[in-house]
Amino acid sequence: MNIQEYFELLWTDYTLRTITLGTAVLGAICGMLGSFAVLRKESLLGDAISHAALPGIALAFLITGAKDSGVLLLGALVSGLVGTFWIRGITSKTHLKSDTALGLILSIFFGFGMLLLTFIQKQPNANQAGLDKYLFGQAATLVESDVQLMIIVTGISLFVMLLFWKEFKILLFDADYTKTLGFNTKFIDVLITFLIVLAIVLGLQTVGVVLMSAILLAPAAAARQWTNSLGTMVLLAAFFGAFSGVFGTAISASQKNLSTGPVIVLVAGVFVLFSFVFSPKRGLLFREIRFRKNRTDLKLMKTLQFMYGIAQEHENISHPHAIRILNNFQGFTKGSLKKLENEGWIALEGQQWAMTPEGFKQAQEMYNQKAGNE
Amino acid sequence: MDQKIAVQIDDLTVAYNYKPVLWDIDLSVPEGVLMAIVGPNGAGKSTLIKAILGIIKPIAGSVSIYGKPYSKQRKLVAYVPQKGSVDWDFPTTALDVVMMGTYGSLGWIKRPGQKEKKTALESMEKVGMLAFKNRQISQLSGGQQQRVFLARALAQDASIYFMDEPFQGVDATTEIAIINILKELRKAGKTVVVVHHDLQTVPEYFDWVTFLNVKKIATGPVKEIFNDDNLTKTYGINYKVAVNK
Amino acid sequence: MSNPQIEIQIIAAIVAMACAIPGVFLVLRKMALISDAISHAILPGIVIGFFVTQDLNSPLLILLAALTGVITVFLVEFIQKTGLVKEDTAIGLVFPVLFSIGVILISKNANDVHLDVDAVLLGELAFAPFDRLMVSGADWGPKSLWIMGGILLITISLMVLFFKELKVSTFDAGLSSALGISPVVMHYGLMSVSSITVVGAFDAVGAILVVALMIAPAATAYLLTEDLKKMIGLSLLFGVVSAISGYWVAHFLDASISGSIATTLGVIFLFVYLFAPKKGLIAVLYRQKQQRIEVSLITFLLHLNRHEEESERHINHLQEHINWHVVRARTVLDLAEKNNLVEIKNDIVFLTHKGLTFTEKSLEYIISNKDEKIEPMKEDFFLFRG
Numbered sequence: 061m062n063i064q065e066y067f068e069l070l071w072t073d074y075t076l077r078t079i080t081l082g083t084a085v086l087g088a089i090c091g092m093l094g095s096f097a098v099l100r101k102e103s104l105l106g107d108a109i110s111h112a113a114l115p116g117i118a119l120a121f122l123i124t125g126a127k128d129s130g131v132l133l134l135g136a137l138v139s140g141l142v143g144t145f146w147i148r149g150i151t152s153k154t155h156l157k158s159d160t161a162l163g164l165i166l167s168i169f170f171g172f173g174m175l176l177l178t179f180i181q182k183q184p185n186a187n188q189a190g191l192d193k194y195l196f197g198q199a200a201t202l203v204e205s206d207v208q209l210m211i212i213v214t215g216i217s218l219f220v221m222l223l224f225w226k227e228f229k230i231l232l233f234d235a236d237y238t239k240t241l242g243f244n245t246k247f248i249d250v251l252i253t254f255l256i257v258l259a260i261v262l263g264l265q266t267v268g269v270v271l272m273s274a275i276l277l278a279p280a281a282a283a284r285q286w287t288n289s290l291g292t293m294v295l296l297a298a299f300f301g302a303f304s305g306v307f308g309t310a311i312s313a314s315q316k317n318l319s320t321g322p323v324i325v326l327v328a329g330v331f332v333l334f335s336f337v338f339s340p341k342r343g344l345l346f347r348e349i350r351f352r353k354n355r356t357d358l359k360l361m362k363t364l365q366f367m368y369g370i371a372q373e374h375e376n377i378s379h380p381h382a383i384r385i386l387n388n389f390q391g392f393t394k395g396s397l398k399k400l401e402n403e404g405w406i407a408l409e410g411q412q413w414a415m416t417p418e419g420f421k422q423a424q425e426m427y428n429q430k431a432g433n434e
Numbered sequence: 690m691d692q693k694i695a696v697q698i699d700d701l702t703v704a705y706n707y708k709p710v711l712w713d714i715d716l717s718v719p720e721g722v723l724m725a726i727v728g729p730n731g732a733g734k735s736t737l738i739k740a741i742l743g744i745i746k747p748i749a750g751s752v753s754i755y756g757k758p759y760s761k762q763r764k765l766v767a768y769v770p771q772k773g774s775v776d777w778d779f780p781t782t783a784l785d786v787v788m789m790g791t792y793g794s795l796g797w798i799k800r801p802g803q804k805e806k807k808t809a810l811e812s813m814e815k816v817g818m819l820a821f822k823n824r825q826i827s828q829l830s831g832g833q834q835q836r837v838f839l840a841r842a843l844a845q846d847a848s849i850y851f852m853d854e855p856f857q858g859v860d861a862t863t864e865i866a867i868i869n870i871l872k873e874l875r876k877a878g879k880t881v882v883v884v885h886h887d888l889q890t891v892p893e894y895f896d897w898v899t900f901l902n903v904k905k906i907a908t909g910p911v912k913e914i915f916n917d918d919n920l921t922k923t924y925g926i927n928y929k930v931a932v933n934k
Numbered sequence: 068m069s070n071p072q073i074e075i076q077i078i079a080a081i082v083a084m085a086c087a088i089p090g091v092f093l094v095l096r097k098m099a100l101i102s103d104a105i106s107h108a109i110l111p112g113i114v115i116g117f118f119v120t121q122d123l124n125s126p127l128l129i130l131l132a133a134l135t136g137v138i139t140v141f142l143v144e145f146i147q148k149t150g151l152v153k154e155d156t157a158i159g160l161v162f163p164v165l166f167s168i169g170v171i172l173i174s175k176n177a178n179d180v181h182l183d184v185d186a187v188l189l190g191e192l193a194f195a196p197f198d199r200l201m202v203s204g205a206d207w208g209p210k211s212l213w214i215m216g217g218i219l220l221i222t223i224s225l226m227v228l229f230f231k232e233l234k235v236s237t238f239d240a241g242l243s244s245a246l247g248i249s250p251v252v253m254h255y256g257l258m259s260v261s262s263i264t265v266v267g268a269f270d271a272v273g274a275i276l277v278v279a280l281m282i283a284p285a286a287t288a289y290l291l292t293e294d295l296k297k298m299i300g301l302s303l304l305f306g307v308v309s310a311i312s313g314y315w316v317a318h319f320l321d322a323s324i325s326g327s328i329a330t331t332l333g334v335i336f337l338f339v340y341l342f343a344p345k346k347g348l349i350a351v352l353y354r355q356k357q358q359r360i361e362v363s364l365i366t367f368l369l370h371l372n373r374h375e376e377e378s379e380r381h382i383n384h385l386q387e388h389i390n391w392h393v394v395r396a397r398t399v400l401d402l403a404e405k406n407n408l409v410e411i412k413n414d415i416v417f418l419t420h421k422g423l424t425f426t427e428k429s430l431e432y433i434i435s436n437k438d439e440k441i442e443p444m445k446e447d448f449f450l451f452r453g
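Residue numbers (our numbering), protein chains in the order written: chain R, 61 to 434; chain U, 690 to 934; chain H, 68 to 453.
Ranges of calculated distance between the beta carbons of each label pair, as one might list FRET restraints:
id : chain 1 : residue 1 : chain 2 : residue 2 : range
1  : H       : 337       : U       : 746       : 27 to 35 Å
2  : H       : 238       : R       : 204       : 54 to 62 Å
3  : H       : 238       : R       : 344       : 32 to 40 Å
4  : H       : 424       : U       : 817       : 57 to 65 Å
5  : H       : 292       : U       : 715       : 38 to 46 Å
These are calculated hints, taken from the structure and not from any lab test.
All residues carry an ideal CB built from backbone N, CA and C; glycine is no exception.
Excised from the complex, chain R in its bound form (with noise of 0.2 Å):
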């Protein structure tokens, strides 16, 4: 199958549908989500909370015995709080510092999770098939139940965000402020933490733990590119989110021995690569288009300061001088000669350059300006 095949397919086939959806649910929840998570510069806390629910799903699949993602996922959730909540422990009654808290935390649960997974794996009778994809993702086994959970609970998180939308704004930007507001900040800042938990273990079953991170930050980091506004940024990021979810899941539905989980994870690495190069704003290329044009307006605005002070030195300001007496000043070539003629600050004649009236009162201007600076 290959994508144009899976595309069309999409429309047909029901279990096609139901994947597609489910991963565009999944991106669009965890967009949104991740646009806190990365202004809060709390990153990296989803790398830890999806690996630290590792071991609950496993400890919810011995307890339970069920399969039934639902039990599983829930064991996920709270495993993943008790994660972040010991490493929030560990970062305000210790010396140690949060990316050690971070750091320790993901590798100690996540081992534990693979102990107790292998552990699974060895009992005669368990029906452990099924776990394994908690590690990278299988958007394939996803049924109808895990996407209809999946639109409840991102339907109550985006109630929860609409309701208290002002509250988490202005928390994420400032908490004093918001504190002395009289506000419950501690109360406003444990439903974000748990919104985030929730739409990383929600998305555990299709991306899995080890890269679960990155599909919180990723659409984040590229819509933060675009826009200025919260609003903005957090619908730009579920769509980029929803966007990497299908398209994700199309290449690895269309090609042999694929986890969806990188497949999604690269396609908005891409949407990241892109949004830091040409985003017109911040982008790097743009930045390095207005720093060069920066430079050469700098340098022209010097070659007619320099013009100016010969032509100051004469009466007729539009005396004619010869473009010889320019060279033993260096900022000045053709080009640029030919740049301020267009401006019409100077009229080029054959190897001679006159200022106009007009250059003239442009440069006294910056003369008065760079005067009054200093």
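Guided by the hints, dock chains U and H onto chain R, whose structure is given.
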């Protein structure tokens, strides 16, 4: 004194582990003064404001705003935090930040509407930032950012204003603009408490001053107590400043 | 114990030691997560290296993969410098993308690459003894033993050689530049050693558990000591103990060795986190409570010292003046009375002579705000508690 007391602080103590930050502070701020809090680095100036506003929990002591605890009088109080305390790369506009000043009176969940927008725009006009209302906050200069913060506090429409180093890192124009607004606030009968660094400008800008260095050294009208004696007590041995009265 | 069992334990212990040393410096330099980033990002390097060498234990592959690790650090720092995203986001973006590329390379070439994604995450410690180093027909033991042993040896010698430089540049970057030790060289030196260690260890314990072996022993040791040499010693000890006990736990549960080692590390950390004598949770909470009472006591005595008026000193009004809950006011008052710092006459509280002396000492401390002044007072507190 028949003047009303706007802020009353009794036996306020804040300590971090054993480290005293503020010790047994008694302070009353009369209504309608423009007061500077001065003291060396680490004297607990910002901490004092934060303790008054309930951001930091004190070990002992009480604070009252017009006779009642802060939690009951929130709407009478506005706050300008230090400019460096927030991330100015946050995706939002100047107007949006100023609107946040109205969030307190809105309470939970309710969204700001036309009325709040009008309040915000008026405050922006007062600080001369109306032209920049749709500007992303990272594209504002340091002085403009400070003015946005001031406008946000003005939008709170309070009786008492607490400001943490509003003159830090601003250009001369902004400094004059800010001090004019502070003087206007005082004229309107508001009380303004400012953490201030530049001792030279104290007599010119303020009419009331508190010297603080972990303990309260002195408080009162600038004309009476802003002298070398108190400065020395606050800043250490033989501190002198050229005070042009 | 069979021969392979002993070999596995030796390999595990050596891996743990090789990881613990750079781990200490990463934790102290607040760069612990770089190990996470490197351990994931070297995957494409390993796969490409495998295409070239066809041998997972080839030194060339290790160098190629370690190079990927250093490139990752470059890349992260480049993105951080653009200022487009916050610093932590840069790490969070780079390594999943590189790891994904690695995973896809493996799955697309599953027939040619005998690398299994599970093995990448978990390592194959149980199989390590079977890949043996044969030199002209003689069996020299497991290859990974030689590789990790070599890496450990290099790490130790580099550490011993540059101990002073490492110490200075870790604790005081400013001073280190002044002394002519380039922070950049130290930084990338450490990054290179970490990368090589991660690559070497990754085959045995897997990508994520390398992180556990690097961070957990150092973090645990850091809760027990702040002395660099002791910290390194303790980290080595914790690493080796968990490696060997982890092996036996896995043996009895018939489960993943590396998962079990990480779990043991976690258990040791949890124990130390709770019970460490000075930095542990219980000690910290107890100390905070003590300090609160002691600082309250000083506040209370100062209050008495400063206020002559009876209304401020009346036993029933104290708590409202000082704004404490009844219980706390009671505790402090009792403590003061029991130690003869105050006496109560007609419900009015007075400072005793001893109380006055103590108050003056406290005042001196508060006004000077110097730590030396509190030290002798702490002994007084100690007496009060008894």
